[in-house]
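Q: Going by numbering that gives the first Met the number 0, the first residue of the sequence shown is number 0, and it counts up by one from there.
Derived by calculation from the structure, the hints in this document are not laboratory data. All C-beta atoms in this analysis are idealised placements derived from N, C-alpha and C, irrespective of residue type, glycine included. Do not take every clue at face value.
[As the list claims (entries may be wrong)] Listed next, the in silico DSS-like pairs over lysine-lysine satisfying Cα-Cα at most 25 Å (straight line): (1) Lys189 to Lys3; (2) Lys287 to Lys277; (3) Lys244 to Lys227; (4) Lys227 to Lys70; (5) Lys262 to Lys244; (6) Lys189 to Lys135; (7) Lys3 to Lys43; (8) Lys189 to Lys20; (9) Lys27 to Lys189; (10) Lys27 to Lys3; (11) Lys27 to Lys244; (12) Lys262 to Lys228; (13) Lys20 to Lys287; (14) Lys27 to Lys228; (15) Lys299 to Lys277; (16) Lys277 to Lys263; (17) Lys20 to Lys70; (18) Lys77 to Lys20; (19) Lys263 to Lys3; (20) Lys77 to Lys27.
[As the list claims (entries may be wrong)] Just the calculated beta-carbon pair ranges, DEER-fashion: (21) Glu154 to Asp104: 19 to 29 Å; (22) Ala213 to Asp67: 40 to 50 Å; (23) Pro266 to Val290: 38 to 48 Å; (24) Asn13 to Asn183: 54 to 64 Å; (25) Asp104 to Asn13: 35 to 45 Å; (26) Val290 to Ala261: 40 to 50 Å; (27) Lys263 to Phe192: 31 to 41 Å.
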Amino acid sequence: MSIKIIAEAGVNHNGNAELAKEMVEQAKGAGADYIKFQTFQPEKLVSRFAQKAEYQKETTRSQESQLDMLKGLALSRKDFQDLAEYCRELEIGFLSTPFDLESIDFLETFEMDFWKLPSGEVTNLPYLERIGRTGKPVVMSTGMCTLEEIGQALEVLNRTGAGAVTLLHCNTQYPTPMEDVNLNGMLTLKQEFSLPVGYSDHTLGIEVPIGAAALGAQVLEKHFTLDKKLEGPDHRASLEPEELKAMIKAVRNMERALGDGAKKPTPSERGNRAVARKSIVAKLSIQKGEVFTEENITVKRPGSGISPMRWYEVLGRAAERDFTEDELITITGLEEHFYAAE
Numbered sequence: 000m001s002i003k004i005i006a007e008a009g010v011n012h013n014g015n016a017e018l019a020k021e022m023v024e025q026a027k028g029a030g031a032d033y034i035k036f037q038t039f040q041p042e043k044l045v046s047r048f049a050q051k052a053e054y055q056k057e058t059t060r061s062q063e064s065q066l067d068m069l070k071g072l073a074l075s076r077k078d079f080q081d082l083a084e085y086c087r088e089l090e091i092g093f094l095s096t097p098f099d100l101e102s103i104d105f106l107e108t109f110e111m112d113f114w115k116l117p118s119g120e121v122t123n124l125p126y127l128e129r130i131g132r133t134g135k136p137v138v139m140s141t142g143m144c145t146l147e148e149i150g151q152a153l154e155v156l157n158r159t160g161a162g163a164v165t166l167l168h169c170n171t172q173y174p175t176p177m178e179d180v181n182l183n184g185m186l187t188l189k190q191e192f193s194l195p196v197g198y199s200d201h202t203l204g205i206e207v208p209i210g211a212a213a214l215g216a217q218v219l220e221k222h223f224t225l226d227k228k229l230e231g232p233d234h235r236a237s238l239e240p241e242e243l244k245a246m247i248k249a250v251r252n253m254e255r256a257l258g259d260g261a262k263k264p265t266p267s268e269r270g271n272r273a274v275a276r277k278s279i280v281a282k283l284s285i286q287k288g289e290v291f292t293e294e295n296i297t298v299k300r301p302g303s304g305i306s307p308m309r310w311y312e313v314l315g316r317a318a319e320r321d322f323t324e325d326e327l328i329t330i331t332g333l334e335e336h337f338y339a340a341e
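Generate the whole structure from the sequences, applying the supplied hints.
A: Set out below in structure tokens:
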């Protein structure tokens, strides 16, 4: 099954619907399967006393409240309807993460393939119940979470009727220091909960998602922006379009490189066997009727003759004809044991 790649637009449109549409175009051009936005009503998401995260204060260079920041980043319902339609036109999957109950109800009217839940809602019981009752599949990020918290969230989702769940390993620091990625945590999730797993990345660069693909991620999510220099909380920790394209290309290459696990000669290397392997050849001139011994035969390239693995079947036999030095030894009845293509 192909890895689902989600280009996380988030709020990197800065509240500008036209910018959001351009992000749809860029995500499609980069090869993403989905583009994901964030749907919220600022007053329903945060209280007026909520402060911004430290990285948000640093990237926005402002001491405004989280509420004031989010008011400038929110899109209207009409904007989301237009974006969903635009995604259909461009044939890229539309997703948006809801951050309040009313936004869940609104987005339920969209034909999204699954819910993408953010790490911050894993401990939100009313939210999880509302999501579960929709019956849709769920992809849930698990940043900041303990295994116990994840287990409790899964119990709620299962009890209320959610569809299949995929867990994404995640770290919510923007950007995530490499020493805090703990990519093996994705494997812990798979072992602990016996569910499909993936990775939501907030590191700088593209190497960690590629590593996650190598470890078996079935879903990958990565923030992107049109320009890292734009004002806003998440731009600096996001990929620009060409970087996103490079990441997706690398992930797809890794996906192909993983293969099916069967250990056998591949079509591309079969022709190399005659070049790289060896055959039994005449060490010196041999006359017809002469017995093959360790003194008159040896092993050399190419590998298009009798395999050296049949060495003892050749020793002691009489030569059926004359052989010159380095000539491949042939014996009637052993031809079928030459290196044949599978």
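Q: It remains to establish, for every hint, whether it holds in the given structure.
A: For each hint, the structure was consulted:
1. Proximity of Lys189 to Lys3 is assessed by CA-CA distance (about 17 Å); at most 25 Å being required, the pair is judged to hold.
2. Straight-line distance between C-alpha atoms of Lys287 and Lys277 comes to about 23 Å, which keeps the hinted pair within the 25 Å bound.
3. At roughly 15 Å between alpha-carbon atoms, Lys244 and Lys227 fall within 25 Å of each other, so this suggested pair holds.
4. Between the alpha carbons of Lys227 and Lys70 the distance comes to roughly 21 Å, so the proposed pair stays at or under 25 Å and holds.
5. Note on Lys262 and Lys244: the hinted pairing is violated, with a Cα-Cα distance of about 31 Å set against a maximum of 25 Å.
6. A threshold of 25 Å between alpha carbons decides the hint, and for Lys189 with Lys135 the separation of about 21 Å falls inside it, so the pair holds.
7. Taking the CA atoms of Lys3 and Lys43, the gap is about 30 Å. The hint is violated against a cut of 25 Å.
8. Our distance criterion of 25 Å between C-alpha atoms is broken by Lys189 and Lys20, whose separation comes to about 35 Å.
9. A hinted pair counts as satisfied when its Cα atoms are at most 25 Å apart, and Lys27 with Lys189 does not qualify at roughly 30 Å.
10. Distance hint between Lys27 and Lys3 is fulfilled; the C-alpha atoms sit about 13 Å from each other, no more than 25 Å.
11. Distance hint between Lys27 and Lys244 is fulfilled; the C-alpha atoms sit about 10 Å from each other, no more than 25 Å.
12. Only pairs whose Cα atoms come within 25 Å are accepted, and Lys262 paired with Lys228 is rejected, the gap being roughly 48 Å.
13. As the CA atoms of Lys20 and Lys287 are separated by approximately 81 Å, the hinted pair breaks the 25 Å bound.
14. Restraint check for Lys27 and Lys228: the C-alpha separation of about 22 Å stays at or below 25 Å, so the hint holds.
15. The straight-line distance between the Cα atoms of Lys299 and Lys277 is roughly 5 Å, inside the 25 Å bound, and the hint therefore holds.
16. Only pairs whose Cα atoms come within 25 Å are accepted, and Lys277 paired with Lys263 is accepted, the gap being roughly 19 Å.
17. Between Lys20 and Lys70 the alpha-carbon distance is near 19 Å, which keeps this suggested pair within the 25 Å criterion.
18. Straight-line distance between C-alpha atoms of Lys77 and Lys20 comes to about 13 Å, which keeps the hinted pair within the 25 Å bound.
19. With a C-alpha separation of about 28 Å, the suggested pair Lys263 and Lys3 falls outside the 25 Å cut-off, and the hint is violated.
20. Distance check on the hinted pair: Lys77 and Lys27 sit about 22 Å apart at the alpha-carbon level, within 25 Å; holds.
21. For Glu154 and Asp104, the Cβ-Cβ distance of about 23 Å falls inside the hinted range of 19 to 29 Å, so the restraint holds.
22. Roughly 42 Å separates the CB atoms of Ala213 and Asp67, a value that falls within the hinted 40 to 50 Å.
23. Judged by the Cβ atoms, the range 38 to 48 Å given for Pro266 and Val290 holds: they are separated by roughly 40 Å.
24. Taken as a hint, the range 54 to 64 Å is violated for the pair Asn13 and Asn183, whose Cβ atoms sit roughly 36 Å apart.
25. Roughly 26 Å separates the CB atoms of Asp104 and Asn13, a value that falls outside the hinted 35 to 45 Å.
26. Remark: the range hint 40 to 50 Å for Val290 to Ala261 is upheld by a beta-carbon distance near 42 Å.
27. Hint check: Lys263 to Phe192, Cβ distance near 33 Å, so the stated range 31 to 41 Å holds.
Hint check: violations occur at hints 5, 7, 8, 9, 12, 13, 19, 24 and 25; the rest are consistent with the structure.
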